[in-house]
Amino acid sequence: MTYTPPNNILKILHSIEFQEPLAVGDPRYVNTQAARGSQKTLKRLALKFGLMLTDGQFFPPSQKHSLFFGHRGSGKPTELRHYAQELGKPGRFFVVEVDITKQLDCNNLQFAEALMVLARSLLAELKELKLNLPQDALVELENWFAERVLNTEEAKEFTLEVKTTVAAKGDIPYLLELLAKFTSAFKSNVTYKDNLRRVIRNSFTQFAVVFNKLLETVEKRLQEEGLAQRVLFIIDGTDKMRYEDTRRFFVEDAELLLAIDTLVIYTAPLSLKYEGNLTQSLDADLMLPMIKLYDAEGKPHESGWQAMRDILLKRADESIFTNKDDISRLVEHSGGHPRDLLRLLKLCCEFAEDKQIDTESVDQAIRQLASEYRCFLEPEDYKLLAEIDRNPANIGNDERTRKLLYNLALLEYNDGSWRRSHPVIRMLQGYLLAQKSLTPTKTTEPLDPQP
Amino acid sequence: MISPDLSRFEFARHLTGAELPPEHSADFQRLIKDLRYGGEFQLLIVEFNDWNVREDLIRYIDKVLEQTGMTAGRIELNSAAYPNVATVEAELVRLAVSHSVVHFIGGESWFNDTRLDNFNLRREAIAQSLALRLLLWLDETTVRRFAQHAPDWWAWRGGVFSFCVMHRAIPIESPTPQLGPIDTRSLAKRSRRISELHAFLNTEPPPPDEIALPLWGELAGLYFRLGEWDKALHIRTEEQLPVYERLGDVRQKAITLGKIADIMRARGLLDEALRIHTEELLPVFDRLGDVRSKAVTLGNIADIMRARGQLDEALRIRTEEQLPVYEQLGDVRSKAITLGKIADIMQTRGLLDEALRIHTEEQLPVYERLGDVRLKAITLGRIADIRQARGQWDEALRIRTEEQLPVYERLGDVRSRAIILGKIADIMEARGQWGESLRIRTEDELPVYERLGDVRSKAMTLFQIAGIKLKQDQPAEAFEHLAEAHRLVEDAHYADVLTLVGEEYGKMLCEQGELEQGLNVLETAQKAALQLGQSERAKRIGELMQSFA
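These protein sequence lines are chains A and B, in that order. Okay, so the first sequence: first residue is 26 according to this note's numbering, each after it adds one. Okay, so the second sequence: first residue is 433 according to this note's numbering, each after it adds one.
Worth double-checking, as some hints may not be accurate.
[Stated by the list, open to error] Below, computed lysine-lysine pairings styled on DSBU-like, alpha-carbon distance capped at 30 Å:
#1 B:901 <-> A:36
#2 A:36 <-> B:495
#3 B:959 <-> A:380
#4 A:380 <-> B:855
#5 A:380 <-> B:621
Bear in mind the hints are in silico, worked out from the structure with no lab data behind them.
Modelling step: build the complete structure from the supplied sequences, incorporating the hints.
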């Protein structure tokens, strides 16, 4: 059935969900490669993992853990899902997509549970694929569980629970069930969560060995069946962790992640890119650029406008707007940030008091979004933003700049080569005052500030 | 057509919003909209700076939510009752069984950094497991602290709503009275206007009488048109009448009494309306020598007589008492209007030729000469009514579509346009084109009345839809429409529609075996008919009751 976007304000309001990435085939998906200037992003990503997309040549590295950066809400998981489709073509990668937010509590996430989810997701995919593994392939992993986890004093509560509910069978379903118990214990915030983490941390070296062996066996079988050359994990949700957890996961525990000999792509928040203390072993130079509405000189970037319009009009029928110019105004004030565009649309639906979204509602929505940004900005932030707008080239990554990038007050374009403040911030009094106090030079202001 | 629940909810949302200060009205209405139509789990941040205002708002929110069967719970955050986030989470789980909204109160002091961190840790888990809209009531400082301390949590927010009280150093600017004869403002705009008027009229010190009185008048008018008659009556009797008395302005006092009589009449209290007109208004205008106002009052009396079926007396007043006054004054416009009223009486008596002659020969030329397109369109409508009564469908349809509709469209009078579309639907129905008639009523008429908050017209349209449904042999749907129409008019006491709807609805209830409820409905309809002087209808309903008793 052909998809038609909703043309009823209440239906639009009900259907807007910021956190949900679009699946492959979702009619609301819009190809944003030209708009982001990211036509080469997939090619670069594939190359990192040894695949030449143009002619299919394939020489994967033995191990690579890549971070895929981008602003929160810029569409990373949606893009990755589409990349996965390309990378997962027969003879390439056996892609295991892991949405960590669904399986774990991404607000309190450490490497231990992430690894358990990796193992669980791999086994689940193998079960789905009905790929026969050698008899002994799972024995070592089972043994690790039995000896290093279930037999420990610290995990006795967990063990008790497992013994009463999981029947030992020694196959994929058994391990899957065991891992499911594990992840659900982490997710449900049981009191022994920290104990389990400690157990895994203490026996991590052994886990890495058995898991690597399992991966090796799986890849061999995949190759024998002509299904894929390598396993590739795509982990989404690791960009949604709390700031401290992000640091611990990618900085403090990075060496533990790297002990797993596999290919992994993790989503990561943009601010982490500029931390400066990421280990060299983590591959950390790939990012999903923002959708550009203007170039660095302030000239409109047409494909960016078109893509943002398309994103909006896949969520709300054009007829819902009384004035078609308002569509462009919403796009303009989103700064090319898809989630903020949806947030603006949601606000429009909230403010609209008729069957359509009129100009007044659009004005109110823009003002409301601006006032929500005002909640966390400090006078010094405005000064810095005004400075950056005057000289948009990426000139620094101090703590304040990183914080502004983290909370989306500052948006980064073109793989990070230039930055601009969020357009709604430029309407705020604090910004206007800060801008006035700067020594006058040429302006690159494409937006008319509004009251 | 929007569902009855939705319509009720929208009406409650707007009217409740109207009771708030204007600066809170928009955020209140969008918050309520989000609670009702947004996702099942939402974390909504509600900012306030006055505890009393917060409590009022919570009461208002809960009241509106009740309209849709949503119940709100409350968690008073304090360290004794909730030592940690886990205890709050447990309470949320408990509340989620029977509530869809939870107000979090006391977060300013309860949320120290540790608790905020722990709450943040659990937010995804709570969101995934509970279908609850959480309203986190926080003061401005705490909102800022949260936004700065936990930016990831902030980015996760479902919405931010501000209900901070502005302590004004300078008085609000006086609104200009908006007292035009045709009000096409949407329900949302009207409720916002009500809120503005309240805010201005309740300032301390109160605005001077000469500014306040017309604004009270506008406010009462707004309430009247929204069917909020108690509120309208309260303003007329408590805010306007005593002031006019104090000022010794007998003329304005009489006009206000006339507005009170209008409320009585709309409620079907025709005797009381008549008493006010004859005993309280006429003597005043006599004494003042205000012949025009006296003539207008006589016209109102004639309207009541006609509604009661006292056609002779109504005709006598029009011809012998009203017309001569306008003739004497040389007021051709009012004379033509009065002649139109006489034609209406003729039409009720079946004297269609005479009615048609008055409309075409005595009214239309006057309005054309005056260039009054609205009155001309109304008169053409009367002519179309007569054509329709005679079965001249094509001519009636031509007048409606070619002569009336374009005028109302040009004037931007959406209500009159909807009424004309309803008349077109009547023609379709009479011709057996039930589907098209139904489409017009549901798609073109109803949404307008809903948007305007015109309860009476909406109930009438629902009644007409029920009629079509019965013809289409869909009694269950007809019953639903009748039930909704009855609920609307019963709440607002629109006697004329109540008797029409009540007769059909009560009958259906009795036929379905709901005897007690059905007989009650019929009894109310009979009372309304008696109030309106519709003795034949009252008798018919009485017989119906007997047949079921």
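Ascending list of hint numbers which this structure does not respect: 3
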